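Protein chains in written order, with the working numbering: chain A, 7 to 220; chain B, 7 to 220.
The reader is advised that the hints may include incorrect statements.
Treat identical chains as interchangeable: a pair holds within one or across any two.
Okay, derived cross-link-like pairs now, BS3-like style, lysine-lysine, Cα gap no bigger than 27 Å in a straight line [said to hold, decoys possible]: (1) 23 x 153; (2) 198 x 23; (3) 198 x 98; (4) 101 x 198; (5) 209 x 10; (6) 98 x 10; (7) 17 x 131; (8) 153 x 198; (9) 209 x 198; (10) 101 x 153; (11) 46 x 153; (12) 131 x 46; (13) 23 x 145; (14) 153 x 209; (15) 10 x 145.
Treat the hints as calculated values from the structure; they're not laboratory data.
These numbers were taken from a predicted model, which means no experiment stands behind them.
2 protein chains.
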Amino acid sequence: MDKKLSQIDFKDFEKRKRAAFVNSLSGFKSANLIGTISEKGQSNLSIVSSVFHLGADPALLGFIIRPDISPRHTLDNIRQTGFCTLNHVNEKIWKKAHQTSARYPEEVSEFDACQLSEIYVDDFKAPFVAESNLRLALKFIREVSIKENGTHMLIMEIEHAYLDQQFISESGFVDIEGLGSVAVSGLDSYHKTSRLGRLSYAKTDRSPSVLSEK
Amino acid sequence: MDKKLSQIDFKDFEKRKRAAFVNSLSGFKSANLIGTISEKGQSNLSIVSSVFHLGADPALLGFIIRPDISPRHTLDNIRQTGFCTLNHVNEKIWKKAHQTSARYPEEVSEFDACQLSEIYVDDFKAPFVAESNLRLALKFIREVSIKENGTHMLIMEIEHAYLDQQFISESGFVDIEGLGSVAVSGLDSYHKTSRLGRLSYAKTDRSPSVLSEK
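Make a model of the complete structure from these sequences and hints.
What follows is the structure, given as structure tokens:
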């Protein structure tokens, strides 16, 4: 059965090539825009591909911030205010979303520079992206320092979720493909998806069956 | 521009519905099979959707283990041996991969129960999945307790990567779509992907362009 795959010695790759390669290895990644505002009122928007599910009760997610690569503004603002928004990147805004990773100076809002619409909802202390079809209001819980490489993992609690209810099934599943959300691979590749199927909860005495519920 | 999305009060959802809902919110997830073996020689295979990129140099990735939901065997084996493998789930094995989440007793190997082929390469102390087109040999670095919900984040270093070299571009990008890797949404939905495009490194003075390199 072995396809005799090659062992790739990436440790000798030149720095940029190594970054592109290693960033590809974990599999498909989420594509999200993190919206924040400083205490002085300067908004910031930053694309991140490291958001992951941490738990459902309490509703927690985590993401990684690299102070040396991504602008520190997102991290600074979350530390200052204790809040941020998370907005799914979709097929209509993926290029604008990617552009937020350019190194704009602190006094420039990526909302303006990348032509994405900044909105404030229900007095929440961070800006949402109007063009996103799934938006979350997140509260800062804690940060964990990853001493191995100087990055920070932020643990955030989901306070509110905003989306069109027709994309939520009876069982709670959200059709993020229907919402147009995209996936990322590597540093710069964006993908739309096409569902293979949903599978029943796995039991030891039977094979999984494809769910009919959308 | 606001589409007047509804605020969803998921905190009142029944437990299973809440889990399905919150698991959908972080966006698309990677689909990986973690292979381990106990000191006594009992192999184990477990699907995880929480693997995320942590850094390229050193080459690190992380994932979350929930001892109360997923069998502890994966966590126990990694603590015992210090190693595991990570194998991308692809379009040919997604149903078998899902089936590894059933609660098999400790003495049953999910490789056998789910009909996936267990192989050992280069004396590495954990089993790989022969049917996977991208396989990593991982070394345990450290675990971080997430006290908010009793889960564990494992920090792992990538020692070796195995894949067909024709899917690695000049720049280091790996075409995981070409390798057949799939994405997950929610608890049980599997997706193949279709590339929108790769974008150039974002600069403040220009819009991103679509890269011609595949």
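> At most 27 Å between C-alpha atoms: does residue 198 with residue 98 qualify within a copy, between copies, both, or neither?
Replying inline: Both. Shortest intra-copy (11 Å) and inter-copy (19 Å) distances satisfy the 27 Å Cα cut-off.
> Are the CA atoms of residue 23 and residue 145 at most 27 Å apart within a copy, between copies, both, or neither?
Replying inline: between (36 Å within a copy, 22 Å between copies)
> When no copy is specified for residue 209 and residue 198, does a C-alpha distance of 27 Å or less occur within a copy, between copies, both, or neither?
Replying inline: between (31 Å within a copy, 24 Å between copies)
> When no copy is named, should residue 17 and residue 131 be tagged within, between, both, or neither for a Cα gap of at most 27 Å?
Replying inline: Classified as between; 21 Å across copies, 43 Å inside a copy.
> Quick one: residue 209 to residue 10, C-alpha cut-off 27 Å, is that within a copy, between copies, both, or neither?
Replying inline: neither (33 Å within a copy, 40 Å between copies)
> Checking residue 98 and residue 10: alpha-carbon separation at most 27 Å within a copy, between copies, both or neither?
Replying inline: Result: close only across copies, 18 Å inter versus 40 Å intra.
> Quick one: residue 198 to residue 23, C-alpha cut-off 27 Å, is that within a copy, between copies, both, or neither?
Replying inline: both (25 Å within a copy, 26 Å between copies)
> Using 27 Å as the alpha-carbon threshold, which applies to residue 153 and residue 209: within, between, both, or neither?
Replying inline: neither (40 Å within a copy, 29 Å between copies)
>> At most 27 Å between alpha carbons: which applies to residue 46 and residue 153, within, between, both or neither?
In response: neither (30 Å within a copy, 33 Å between copies)
> Within a copy, between copies, both or neither: where do residue 101 and residue 198 come within 27 Å Cα-Cα?
Replying inline: both (13 Å within a copy, 21 Å between copies)
> With identical chains treated as interchangeable, where does the CA-CA distance between residue 10 and residue 145 reach 27 Å or less: within a copy, between copies, both, or neither?
Replying inline: For residue 10 and residue 145, the Cα distance is within 27 Å only across copies (22 Å; inside one copy 47 Å).
>> At most 27 Å between CA atoms: does that hold for residue 101 and residue 153 within a copy, between copies, both, or neither?
In response: Neither: 33 Å inside a chain and 38 Å across chains, both beyond 27 Å.
In summary, the structure is inconsistent with hints 5, 8, 10, 11 and 14 from the numbered list given earlier, while agreeing with the others.
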